[in-house]
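K.L.:
With the sequences and hints as input, model every part of the structure.
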Amino acid sequence: VRFETEVRRVLRKSSVVAALVVGMLVSGCYSGGGPKHSVDGGGGPAMLTGAPAVSYTIPRVGGGSDSVAAHRGSIVVLNFWATWCPPCKEEMPALESLYRSERSRGLVVLGIDQGESSATAAKFATAHGVTFPILVDADQQYASSYVSIGLPTTVIVGRDGHVVRGIDGAQTLAQFKALVGPLLAAK
Amino acid sequence: VNARASAFAFALLAIGLTLAQDVFPARDWYHGWQYTTILAIAIGVMVVHALRSWRGKAGPNGKRVALALAGASVVAVAGLLSGLIGPDTVTVVGTPGTVTPVAELGAAAFFAPADPQTIPRGDATVTLRRRNAGPVEIGPRPVPVGLSVAFTQSRPAAYVVVRNDRGDRLTITQPNNPSFLSPVILFRQAQQIHDRTFPLDTFAVPAAQRVVRILYFAQDDLAAFRHDPAAPAPTGPGAILSATDDAGAQQGITMAQSGTEAAIGGLHVTVTLGSYPVLQVASAPAPYAVVAGLAIFLGALAWWLTGSRAVAPAAQSVPA
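Protein chains in written order, with the numbering used here: chain A, 1 to 187; chain B, 1 to 320.
To be clear, the hints were calculated from the coordinates, so they are not data collected in a lab. Please read all numbers here as calculations on a predicted model, not as lab measurements. Warning: the hint list may mix true and false statements.
[As the list claims (entries may be wrong)] If you anchor each label on the Cβ, the simulated ranges turn out as follows:
1) B/L12 / A/G50: 47 to 53 Å
2) A/G129 / B/N164: 24 to 30 Å
3) A/G129 / B/G146: 37 to 43 Å
Even glycine gets a Cβ: it sits at the ideal position worked out from N, Cα and C.
P.N.:
What follows is the structure in structure tokens.
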């Protein structure tokens, strides 16, 4: 009788362990082991809202150098462009008008040429009557860091040095004014 | 004695397999049925023997043995759960100079800017930033972050500079990649040649209406392809560049050595080849469970061994 009781006890324990093993095996078959997935950076400039504005010091057409950080305390409109980009050319007059009308209120406009030589950017600026500062980003650092997904790209940086808006594509003067007007009005 | 030895052999095996997830992370095997089976059997054996020992049915020092096996079981359960329900390994490819959210870690990964000097050295870094925590620089050695481990893995990369015949630099775009305006090519595609796979990517030069495919060859690959023994041995990686115009018409193909200008399709292209890190995030056993389980296991072992030594002389004195 004692032997039978012992055998039953062992069998009961074994069945619990077996059930545990089978359960884990079944779970193992249905979980994990899937393909490794990859997350690729990107998402466009809109995702940067609220992030600290990245700054690189790069050459300015006409001499010297400039950066976003140098204008901390001002509302800064960064515009990434290139001479081969037709929408960039179409947008330039609106950007120039914005600069002329709002610079007295403390607005800073920086046109940042992407990946071209200084001479190429200077020639373009002269031909299109651009008077706001043009920076030459031969290594395309700004557009990379601000996750540009096309040209032109506009990024508005607030007085606190954080990104207020990132916009993909050309804007009109009215759109620019609607974006920066409230920021300039707020002290 | 044999049952006890078996239980401790399973305990050591289970601890080793669990710690392997921290030391050699991101292996598919941890999520497979074989790994699960071994740990499940080990847990079963340890639990049964621990219960028998606790009840005094498996030799002397039963409670101490039971405690040690319980500690090992905690470690093994942590390893088993990580393998069973831990997330799949995630590879985060970030453009140099950008911040990429990593939802799995509740963190943002900052991929350091790269230039023609950092790419050949391959020493660019990835820094994790989390709320209410300091930045953590991630390297090739796994770093525990919550219930995961993070580490970097070097992948082939190229820094590309393109000039026209006048020597003016031209903008590079990557229309097929998230890093649209980066001059750093991260080789996100692959090309199969016979039985081997080579890193491949594409960039465009819109000002010249050119699209350039770039195929990466490591130094060893180039040496293997060298048919002329008299030709100089390659001293570094190289790339095959093939250019088309916007309509897809072939405009040339050439071999480019790293750091040396190559003329193709009316362009002067300099590719500086090297590597840039990608971030890997893999599941890992819960660190608190592993530390607590190991502490119980080692503490109970020490208690058992010191207790045995203290008891031994008394046991010898009984026959006398």
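K.L.:
Hints first: check each against the structure and report whether it holds.
P.N.:
Here is how each hint holds up against the structure:
Take B/L12 and A/G50: their Cβ atoms lie about 51 Å apart, and the range 47 to 53 Å holds. Remark: the range hint 24 to 30 Å for A/G129 to B/N164 is upheld by a beta-carbon distance near 25 Å. Separated by about 55 Å at the C-beta atoms, A/G129 and B/G146 break the suggested range of 37 to 43 Å.
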